[in-house]
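Trainee: Here is what each chain is made of, one letter per residue.
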Amino acid sequence: MAHDATHDHHDDHHGAPKNFFVRWCMSTNHKDIGTLYLVFSLLMFFIGGSFAMVIRAELFKPGLQLVQPYFFNEMTTMHALVMIFGAVMPAFVGLGNWMIPLMIGAPDMALPRMNNLSFWILPFAFALLLSTLFLPGGGPAGGWTMYPPLSLQGDSVAYLVFAVHLMGISSIMGAINIIATILNMRAPGMDLLKMPVFVWSWLITAFLLIAVMPVLAGAVTMLLTDKYFGTSFFNAAGGGDPVLFQHIFWFFGHPEVYIMILPAFGLVSEIIPTFARKPIFGYKAMVFAIASIAFLSFIVWAHHMFAVGLPLGGEIFFMYATMLIAVPTGVKVFNWVSTMWGGSMTFETPMLFAIAFVILFTIGGFSGLMLALAPADFQYHDTYFVVAHFHYVLVTGAIFAIIAATYYWLPKWTGHMYSETWGKIHFWNSVIWVNVLFFPQHFLGLAGMPRRIPDYNVAFANFNMISSIGGFLFGASQLIFVGVVLHCVFFSKKKAPDRVWEGAKGLEWTVPSPAPYHTFELPPVIHDDELAHGHIED
Amino acid sequence: MGQQQGAYFVPTKSSWPIVAAVVMFVTVFGAAHWLNAPPGEASFGKTVLTVGFVGILLMFFGWFRSVIRESLAGSYNSQVDRSFRMGMMWFIFSEVMFFGAFFGALFYARMFAVPWLGGEGHGVLTHQFLWNDYAASWGASGGNGPARVGGDFQTVAPWGLPLLNTLILLSSSVTVTIAHHALKVGHRGKILLFLGLTVLLGATFLYFQAHEYMEAYKELNLTLQSGVYGSTFFMLTGFHGMHVTLGTIMLAIIWLRVAKGHFTKDHHFAFEAVAWYWHFVDVVWLGLFMFVYIL
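Protein chains in written order, with the numbering used here: chain A, 149 to 686; chain B, 27 to 321.
In case anyone wonders, no lab produced these hints; they're calculated from the structure. Certain hints may be false.
[What the hints assert, rightly or not] Estimated spans, in silico, between C-beta atoms of each pair:
no.: 1; chain 1: B; residue 1: A183; chain 2: A; residue 2: D603; range: 52 to 60 angstroms
no.: 2; chain 1: B; residue 1: D292; chain 2: A; residue 2: V187; range: 36 to 44 angstroms
no.: 3; chain 1: A; residue 1: A164; chain 2: B; residue 2: Y243; range: 55 to 63 angstroms
no.: 4; chain 1: B; residue 1: H213; chain 2: A; residue 2: A474; range: 56 to 64 angstroms
no.: 5; chain 1: B; residue 1: V77; chain 2: A; residue 2: T494; range: 54 to 62 angstroms
no.: 6; chain 1: A; residue 1: D339; chain 2: B; residue 2: A166; range: 55 to 63 angstroms
no.: 7; chain 1: A; residue 1: L191; chain 2: B; residue 2: V80; range: 25 to 33 angstroms
no.: 8; chain 1: A; residue 1: A474; chain 2: B; residue 2: I94; range: 50 to 58 angstroms
[Said to hold, decoys possible] Listed next, the stretches of chain A that the computed footprint assigns to chain B, with coverage defined by at least 3 CB atoms under 8 angstroms from CB atoms of chain B:
no.: 9; region: 272-281
no.: 10; region: 318-327
For clarity, every value in this text was computed on a predicted model and none was experimentally measured. Every residue gets a Cβ at the ideal spot worked out from N, C-alpha and C, and that includes glycine.
Just chain B, same shape as in the assembly:
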């Protein structure tokens, strides 16, 4: 191990953190400028945003490269491994809370805001004075509010593509688990097969999701601007889709690392971290399928 027994690995100086802080700043600074640019005018914000985003990708590449090298050099003992595991678990918990905010918005809009606008409850006067012809309901007839923001729309039928996507994601959780078991017994061919399948399933999910979005925009007139229904629908599924994208990329990188022989039976934190993350996006999807699509 190159270290004394029981010693914790404390890395020496590293420039990655400050590089990360700089590129994050450049990214959001560019994004803020771009958002404030008058419509139709060229904005240097877009360029700055692109530079920042590329910087973030390079930063991740460089930072992870140095971490992987340390890992392969055996710097990480079991105590360090535990720190990484705790870090990942609490990070996923923070993600759960982030989605919680949007689920909370969905429940509030459905259970309170829309019915109140339709005149339910005591002392709710907006219905009486502003929109007295609004009959509150969720979904196609009323989910975009009393002013019909975004125009009439139709909702996505849950038992078509969304059901298929549910089955795809659930299968991908199974395949990643099979790969994990194969890793524990050191069966590399089997890991590569099932991890590869997981990546493909993730990519298929994303393809169908993109297809569904295009259909929603073109045929159903369901857009991000379709009142609070469209807002919650696209923000929830959109953030979930971003997480699936990230998860798929991470799985693909893990596939490459498995192929290069980076993991051993009892030293494969990165694999497990990504697997946890994948299960997390799976569980979020189940919540979405239930509360956004079916109910």
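Extracted from the complex, chain A is given alone in its bound form:
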């Protein structure tokens, strides 16, 4: 059984297996598994997006319009779970799978079979989760944060908990694989402080994942035993406390927020230098800023709970700790802008999305600072202001970075150029409608509209209608994205060169386009001038 998978360096004849099932279900190839992750993520993006369309349709006008309140609650819950665990996280793992070995000169991921298992758990986990929508009692409707006792109602608790367990196992194995790959598989000469920022961001994100996914597993296990086995973790009559769940959940949940944005920072830090034709400004500061944000993410969790009645000392500690995060984040925004400053910029689609990321993510960051102020948060808590805040950091932050990275590397993956015209049409539609969608929600929240409620005061009618129109058009715009990607994969005639972008640096651009099935089977010889960050002075 000892397969000798590593043959000669120039050996191209052992390409992808011909059999469809063998190739995609039994794969040990980081590129194929990366593709699986990305396709799965896109599918989940549209399923989660369709839930969002239901929400915006219901909120188009005041009064109950289309769906029952319970179904509305299922939609808000499932939209979040699907988008977080099904769309954003798998997209980053897919990009990491595809690009990390190429960026550090490794033949594959460190543990290729476990890599395949990490992926294949996900479709089953989401089958389990989504199946609850068709159960007699309905699916989970207590919000993705699963706060007890609300979340313990209904018969879907066990399905939800086990689905979360499966997703957690998948994430932990994926993260272990990424850490082992980065720490053990770098080509000689690829020192830690010469790695691309994207690789650094994933190294730190993987650490966060291994640290907090088990905590989520513990929290949902306690939900399960409280519901089915008579424990009292979250039951005050038995000496427990529902707020305990919130503490454990957000100890996971806040690092989770950074799990969904740090790889996006890494992606943008790859794209902006390429199109500004300048090395990233302050490489080390960028790396240390990511590490600082990761550290701080462990000591800010209770800012999600300012309104539950924390002791005053807790409110103050978590308020200041949260505001500290603005410092390393500010360093990053400053450095992205400084990278562009004086550069020979061009504005291809990836760069447009990256610039939109810098501007719109910063808006989301600022509204986050407003929410960090405990006394102000008493007003904003659980309103549409919070919804606007985290959609600015997750949609125009994480999702925009994923889209930018897809345009950036699609020619490397497929060997063909995508349609720049349609890419730009996609960009302008996305960036306009996403602001029409989410910006009015700031005003709704400040005026007091609560989140997760299917009906609202008529005073909120106009902004809700504007927001819904933005939502429908933003959702429709993403169909353009699918069209561009499908066209590039199957129909595009325009061949992509090895170095797809004029200013692109890094090992991934030294291999042919499309990247051969196996790359770097023997470690490459690294020349510092090939690297984006090759000349780091100590």
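Place chain B on chain A using the hints.
Mentor: This is chain B only, laid out in the frame that chain A set:
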């Protein structure tokens, strides 16, 4: 080695991962159905759960068999070995964090939730309006909350069986280390003796733990339903016991592999991985003994 110098072992296609994903799904699907079955009614969930669980065992057997064969064929060079080591270390770290969640629940319940229910702190009104006769304390008098959930109970005395179990686990860590040193000098008889002792100590620990559980349920009325005290007690010791069970099984398998001569002085990752895991469950136990039993 059958490979070029410096080349990393990248396995070709394997069906084990997708088999693993399927059996995991079958297991949890069955478990979820079973949990939702009305009490007293036959549920096909139980059957599905059993099938899934057996599938998981077979999957582990098959997957590890192919890995062991590759290892014996010399496919794993030192770089691959390092990947395995990193994988195991980070897996153990994730386990630490999992136990951390339950220890966190224990500390929170003891330090905050129960005292607040007893009226401590400012602005805590539950005591005043709901349970104003509740005098908060941890353990037998009050650990099951103001509603006395699960009825009156007594706690397990730390200086009896738990102390003995502590000594057993600590000794087992010593014996596994002696076996490890014997492995490094290639003394197979000594490895088998001390590794065998480790397995026996692990099994003895589990026997005493089961005995303690039965005593708790029958004589002390300390159950999983005994309020937050019972919840934290049984979830922490229960998950630890599951880990000891798994560790003992893994040690027994390693014993068989030692007997078959699978390991060499400088190529024995599996042995070390299991030894690390064993030390990890030992350390968790020390935390349990301190915070669950003594304090």
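Trainee: Does each hint fit the structure? Answer for all of them.
Mentor: Verification of the hints:
1. Look at B:A183 against A:D603: about 58 angstroms separates their beta carbons, and that is inside 52 to 60 angstroms.
2. Range check, B:D292 to A:V187: about 43 angstroms between beta-carbon atoms, so the 36 to 44 angstroms window is met.
3. As the Cβ distance of A:A164 to B:Y243 is approximately 57 angstroms, the hint placing it in 55 to 63 angstroms holds.
4. Range check, B:H213 to A:A474: Cβ separation about 60 angstroms, and the 56 to 64 angstroms hint holds.
5. Taking the beta carbon of each, B:V77 and A:T494 are about 58 angstroms apart, inside 54 to 62 angstroms as hinted.
6. The supplied range of 55 to 63 angstroms is met by A:D339 and B:A166, whose beta-carbon atoms lie about 59 angstroms from each other.
7. A:L191 and B:V80 have their C-beta atoms about 32 angstroms apart, which keeps the hinted 25 to 33 angstroms range intact.
8. Restraint check, A:A474 to B:I94: a C-beta distance of roughly 52 angstroms satisfies the suggested window 50 to 58 angstroms.
9. Residues of the region 272-281 of chain A lying with their CB closer than 8 angstroms to a CB of chain B number 4, which satisfies the three-residue condition for coverage.
10. Coverage of the region 318-327 of chain A by chain B holds [criterion: at least 3 residues with CB-CB distance below 8 angstroms; count 5].
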